[in-house]
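Full structure from sequences and hints, please.
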Amino acid sequence: MSQPKMATTTAVAVAMLAVATLAGVASGEKAGGFVVTGRVYCDPCRAGFETNVSKSVPGATVEVVCRRFGSSKETLKAEATTDEYGWYKLEIDQDHQEEICEAVLAKSSDPACAEVEEFRDRARVPLTSNNGIKQQGVRYANPIAFFRKDPLADCGTILNKCLSPVCSAAGRPASEKMVVQCLCSRRVGVFDF
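Under the numbering used here, the first residue of the sequence shown is numbered 66, with each subsequent residue one higher.
Quick caveat, the hints were computed from the structure, so don't treat them as lab data.
Just to be clear, a hint being listed does not mean it is correct.
What the hints assert, rightly or not - What follows is a set of in silico ranges between Cβ atoms, one per label pair, in the way DEER data are often shown:
| # | residue 1 | residue 2 | range |
| --- | --- | --- | --- |
| 1 | Glu139 | Asp215 | 32 to 40 angstroms |
| 2 | Arg185 | Leu217 | 12 to 20 angstroms |
| 3 | Phe134 | Gly197 | 14 to 22 angstroms |
Stated by the list, open to error - The calculated lysine-lysine pairs, modelled on BS3-like cross-linking and capped at a C-alpha distance of 27 angstroms, are:
| # | residue 1 | residue 2 |
| --- | --- | --- |
| 4 | Lys120 | Lys226 |
| 5 | Lys172 | Lys226 |
| 6 | Lys154 | Lys142 |
| 7 | Lys138 | Lys172 |
| 8 | Lys172 | Lys154 |
| 9 | Lys214 | Lys226 |
| 10 | Lys172 | Lys214 |
| 11 | Lys142 | Lys172 |
| 12 | Lys172 | Lys120 |
| 13 | Lys138 | Lys120 |
| 14 | Lys120 | Lys214 |
Everything numeric in this text was worked out from a predicted model, so none of it was measured.
Don't be surprised by glycine CBs; every beta carbon is placed ideally from N, CA and C.
Encoded structure:
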């Protein structure tokens, strides 16, 4: 091979390597980095799920906390504030494979809806790439709720509408799961009766 052809071939190879490297950087995903996002709402009926009277909580404070399995020692604590629609977003820069990570309610911006109940104030978030989830580093936490101290007066009616069966479990005992539609939020779910 002559000198000019070899130089051209080398230049093309270097250019291809540079493009491949830039493409990897441009993909935007840092090794081990994650974005945790979720929503905070007010549950005025203390139902434990969203209804048509649930409202987003803008300005609420949420923490993402990680701790080692079998330990209460925190290895990560990051904080975010919800936007006007009740959504929060946190960037986490490393993998936490050997840890339990949770999005936890910290503070409500609405004094009328600021109660928290233990274990209902958090949502687990897997912050590892080694778990079979293929989400390009984005982790969606389940919605978490603050509660009113006193439920709204019409919550009984609202919840009766939400929990009325819309299909029968033909030939099945009532103790089995039935699909019900929450008419309030127009969502379908499976509940134990």
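Evaluation of the provided hints:
At roughly 34 angstroms, the beta carbons of Glu139 and Asp215 sit within the given window of 32 to 40 angstroms. Our hint of 12 to 20 angstroms for Arg185 and Leu217 holds, since their Cβ atoms are close to 18 angstroms apart. Take Phe134 and Gly197: their Cβ atoms lie about 19 angstroms apart, and the range 14 to 22 angstroms holds. For a cut-off of 27 angstroms, the pair hint linking Lys120 to Lys226 stands: about 18 angstroms separates their Cα positions.
Straight-line distance between C-alpha atoms of Lys172 and Lys226 comes to about 31 angstroms, which puts the hinted pair past the 27 angstroms bound. With a C-alpha separation of about 14 angstroms, the suggested pairing of Lys154 with Lys142 holds against the 27 angstroms cut-off. Simply put, Lys138 and Lys172 have alpha-carbon atoms about 22 angstroms apart, close enough for the 27 angstroms limit, and the pair holds. For the proposed pair Lys172 and Lys154, the alpha carbon gap of about 16 angstroms is at most 27 angstroms, so the pair holds.
A hinted pair counts as satisfied when its Cα atoms are at most 27 angstroms apart, and Lys214 with Lys226 qualifies at roughly 22 angstroms. With a C-alpha separation of about 15 angstroms, the suggested pair Lys172 and Lys214 falls inside the 27 angstroms cut-off, and the hint holds. The straight-line distance between the Cα atoms of Lys142 and Lys172 is roughly 15 angstroms, inside the 27 angstroms bound, and the hint therefore holds. Proposed proximity of Lys172 and Lys120 is supported: the alpha carbons are some 16 angstroms apart, at most 27 angstroms.
Under the criterion of a C-alpha separation no larger than 27 angstroms, the hint pairing Lys138 with Lys120 is inconsistent with the structure, at around 34 angstroms. Straight-line distance between C-alpha atoms of Lys120 and Lys214 comes to about 15 angstroms, which keeps the hinted pair within the 27 angstroms bound.
Hints 5, 13 from the list above are not met by this structure, while the remaining hints are.
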